[in-house]
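*Asks:* Please take these sequences and the hints and turn them into a complete structure.
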Amino acid sequence: MPKITYIEHSGKSHSIEVENGLTVMEGAVQNDIPGIDADCGGACACATCHVYVDAKWINKLPKIDSAEEDMLDMAHEPNKFSRLTCQITVTDKLNGLVVKMPSKQG
Amino acid sequence: MIKTDVLVIGAGPVGIFVVQQLGLIGLKAEVVDNLDKIGGQCIELYPDKPIYDIPALPECTGESLTKNLLTQIKPFKTNFHLDQRVEEISKEKNIWKITTSKKNIFLAPNIIIAAGVGSFEPRKLQVEGAEKFENNGIYYSIKDKTAFKNKKISIFGGGDSALDWAIELSKFASVTLIHRRNEFRGAEHSAEIAKKLEKEGKLKIKTPFQITSIEGEDKINAITIKSEDGKIEKVPTDCILGFFGLIMKLGPILEWGLNLDKKTIPVNTENFQTNKEGVFAIGDICSYPGKLKLILSGFHEGALAARACFKLARPNEKYRFEFTTTSKTLQGRLGLKKK
Chain A
1 MPKITYIEHS GKSHSIEVEN GLTVMEGAVQ NDIPGIDADC GGACACATCH VYVDAKWINK
61 LPKIDSAEED MLDMAHEPNK FSRLTCQITV TDKLNGLVVK MPSKQG
Chain B
107 MIKTDVLVIG AGPVGIFVVQ QLGLIGLKAE VVDNLDKIGG QCIELYPDKP IYDIPALPEC
167 TGESLTKNLL TQIKPFKTNF HLDQRVEEIS KEKNIWKITT SKKNIFLAPN IIIAAGVGSF
227 EPRKLQVEGA EKFENNGIYY SIKDKTAFKN KKISIFGGGD SALDWAIELS KFASVTLIHR
287 RNEFRGAEHS AEIAKKLEKE GKLKIKTPFQ ITSIEGEDKI NAITIKSEDG KIEKVPTDCI
347 LGFFGLIMKL GPILEWGLNL DKKTIPVNTE NFQTNKEGVF AIGDICSYPG KLKLILSGFH
407 EGALAARACF KLARPNEKYR FEFTTTSKTL QGRLGLKKK
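Top line first, the protein sequences correspond to chains A and B.
Per our numbering, the first sequence starts with residue 1, numbered consecutively.
Per our numbering, the second sequence starts with residue 107, numbered consecutively.
No lab work stands behind these hints, which were simulated from the structure alone.
It is possible that some hints are incorrect.
[Stated by the list, open to error] Straight line, CA to CA, 25 Å or less: simulated DMTMM-like cross-link-like pairs of lysine to aspartate or glutamate: (1) K104/A to E227/B; (2) K332/B to E68/A; (3) K63/A to D335/B; (4) K104/A to E361/B.
[As the list claims (entries may be wrong)] Computed list of chain B residues with no C-beta within reach of chain A, every gap over 10 Å: (5) E165; (6) K183; (7) L188; (8) G322.
Backbone N, C-alpha and C fix where the C-beta goes; we use that ideal spot for every residue, glycine too.
*Replies:* Below you can see the structure in the form of structure tokens.
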């Protein structure tokens, strides 16, 4: 299974294996990793699963669509590495992905 | 002051449906919601997104679901108190006193919290000094536009509110519209008008910029904005308007002495009562072993909580279980004519 590393804002790192087909958000929520709230449950409707994707990985992800880009306007301190984890589906290609949580969600 | 049998907090699908369940058993409810419209997340977050798991509705949208639920509670002529948040609850002699942010007071033996993930509130600026200047130079909504006449205004956001207010206020104020990226998510037509006004020198647009600091002692003098590639600019500013959309917050619910588990309220699944007698929690906000955050679960939870409310609202009466198909009493409450 692909391994995903979630780094909390404090620097605490969690590397876990996430099943293919789940979203990066679901990987965090199902493994009780703090820092990803996902208030709307994955509908790309709330921007509380926002992360900064590691610079090495940002261009390897599926392209951002306009709905996600619009929703990122609502995220806390978005930048060019920002993505919503509910919109990233885990595949073998993402083995080793590193994402960092913002100082807060919402 | 309004006396009622049940005060429902939250006008989402679960909050609306519980009004129907209460109405059927003869209980009167009043509903409070912080949004200015009925429907909760269904209306605010996904009015057009399809929902496929409402029993007997193969497909609906957040909007159509809300509309149908409102039709279903029509016989009960329920009052919705919108655009206000429940701030405080206190109990005296088995009656809860509930106070909202608009200073409306309700007296009820029962409170049903159907508040989802919390109330929708404007997302605020996250820069130092933003709190200090809130309502004294920084605003997240506009009550009286004339207050901004001849002012230097910096408007933040990329949606319809930001675009519409930038266009409107540019008629009589010096407006700078600032957004974190070059594309606006608001109506294309509005974005075009804004760009036209910019060409005519009637409006300034700064993209892709975000705020980094606010200057000023008693009032705001200027703000500093920074682009993603590091360009820094200073914008003389009297007022900041932030239109960053809404976020959901539990808010005052945290202060009511209820047991909490993360962002949820644990309940007894027999009646969906919280640790306080007469306070119930249903829908996404409640938690118990096996809880599913589905609208259909919220409907079931409301049906049980309603029956528990009956005991506290009508302590001297006996609750009778009846079906709407056969009970003349229930059909009477639904306003159906005798055949």
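*Asks:* Next step is simple, just say for each hint if it's right about the structure.
*Replies:* Right, here's what the structure says about each hint:
Between K104/A and E227/B, the direct Cα distance comes to roughly 16 Å. Compliance with the 25 Å bound is thereby established for this hinted pair. A threshold of 25 Å between alpha carbons decides the hint, and for K332/B with E68/A the separation of about 23 Å falls inside it, so the pair holds. Of the supplied pair hints, the one linking K63/A and D335/B holds, its CA atoms being roughly 21 Å apart against a limit of 25 Å. Restraint check: the Cα-Cα separation between K104/A and E361/B comes to about 21 Å, which is no more than 25 Å; the hinted pair holds.
At the 10 Å boundary, the C-beta of E165/B stays outside the reach of chain A, the nearest C-beta of that chain being 16 Å off. Distance check on K183/B: its Cβ is at least 32 Å (rounded) from any Cβ of chain A, clearing the 10 Å threshold; non-interface status holds. Residue placement check: L188/B keeps its beta carbon more than 10 Å from all beta carbons of chain A (closest about 21 Å). Chain A leaves G322/B outside its interface by the beta-carbon criterion, the shortest separation being 22 Å against a cut-off of 10 Å.
When each numbered hint is compared with the structure, no violation occurs for any of them.
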